[in-house]
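Novice: Protein sequences appear in the order of chains A and B. Residue numbering for the first sequence follows our numbering, beginning at 13 and increasing consecutively. Residue numbering for the second sequence follows our numbering, beginning at 73 and increasing consecutively.
There's no promise every hint is true.
[Claimed, not checked] Keeping only pairs whose Cα atoms sit at most 20 Å apart, straight-line, the calculated SDA-like set for lysine to any residue is:
hint, chain 1, residue 1, chain 2, residue 2
1, B, LYS81, A, ILE127
2, B, LYS81, B, ALA108
3, B, LYS135, A, ILE161
4, B, LYS135, A, ILE127
[What the hints assert, rightly or not] Chain A is faced by these chain B residues, among others (derived, beta-carbon under 10 Å):
hint, residue
5, SER112
6, PHE114
7, LEU116
8, GLY119
9, ILE121
10, ALA124
11, LEU125
12, ARG127
13, TRP138
14, ARG144
15, ARG147
Rather than coming from a laboratory, the hints here were simulated on the basis of the structure. Every value quoted in this text rests on a predicted model; they were computed, and no experiment measured them. Note that the Cβ used here is the ideal one computed from N, Cα and C, for glycine as well.
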Amino acid sequence: MPGNALISSYLRGLRRRLPAGLADEVSDGLIEAYQQHLASGQSADAAARAAVTETGDLGQVVGEFTRQAPGRSTARALLAIGPVVGGCWIATRWWAWPTPAAARLGFTAALLLMISALAIAATSRHSYRRTRLTAAAGPGLVILDATVITAALVAPALSWPLVIAVAASLTRMALTLTALPRITTA
Amino acid sequence: MKAEAQVLKGHLDMLLLATLENGPRHGYAVREALRAASRSRFDLPTGTIYPALRRLETAGLVKGRWSAEGGRRRRTYELTAAGRRRLAGDRAAWRDFTSVVSAILEPASCPATP
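Let's have the full structure, built from the sequences with the hints guiding it.
Specialist: Written out as structure tokens, the structure reads:
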């Protein structure tokens, strides 16, 4: 790591606010610029200022990455299809199933928690870390879908709304599981 | 005079693909290639270029790979077959667009009607 304080501070900021792969990439460009300005005869401080200017404001760099983070776009997609899946389950009148009230309450609380986490990830504009809430909320949603599908097995009777709701949940589970690797590796 | 950043952003993907047409480059080299080819008019911060390269990679238009350079990790990008097709399409569309606009802007191309 270069000994210049401005460069070191910028690199620390990158490490703190971006995943390692993204921070490494921007760091490489910053150091390359710094070294080229040093080689052209500038002082260390002038070279550091020029390199930081060429790289851009740290907040702006983090914001650019955040707005296209896979966790953010996946959270938006899940929030968009959520009402459709939820509507399918409402059509089954699931509350009439013989399930304990505590289980229903726990399910609803967990669902609200997942929705809140997804909403934070979906609306994040300057915090990459927040977009990674989808990596936790996504599997949580898969578990909730699996739970409600399992509960459907004890439903009083098979009906078309039930079949459609199960298909909707299975589709959401597949979409979520497909998107998760991109979120965890980005 | 620097070009307007917002106007440039609208064409950024095409320009980035063009800088990779002749071979792989890392992000800083892409920035320098853009700056040199535009005679310093397009002087984008690299912090804008890296996210755009990642977006192009997600879209399958470029492929990135890591290497080691001077004790640090470096990500280099190259065009994929889909990226080459996109660039060819964008280039043809751009040339068509600019030729039409240029024809309209010629002083004698829009005579006044009585």
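Novice: Of the hints stated earlier, which fail here?
Specialist: Structure breaks hints 1, 3, 4, 5 and 6.
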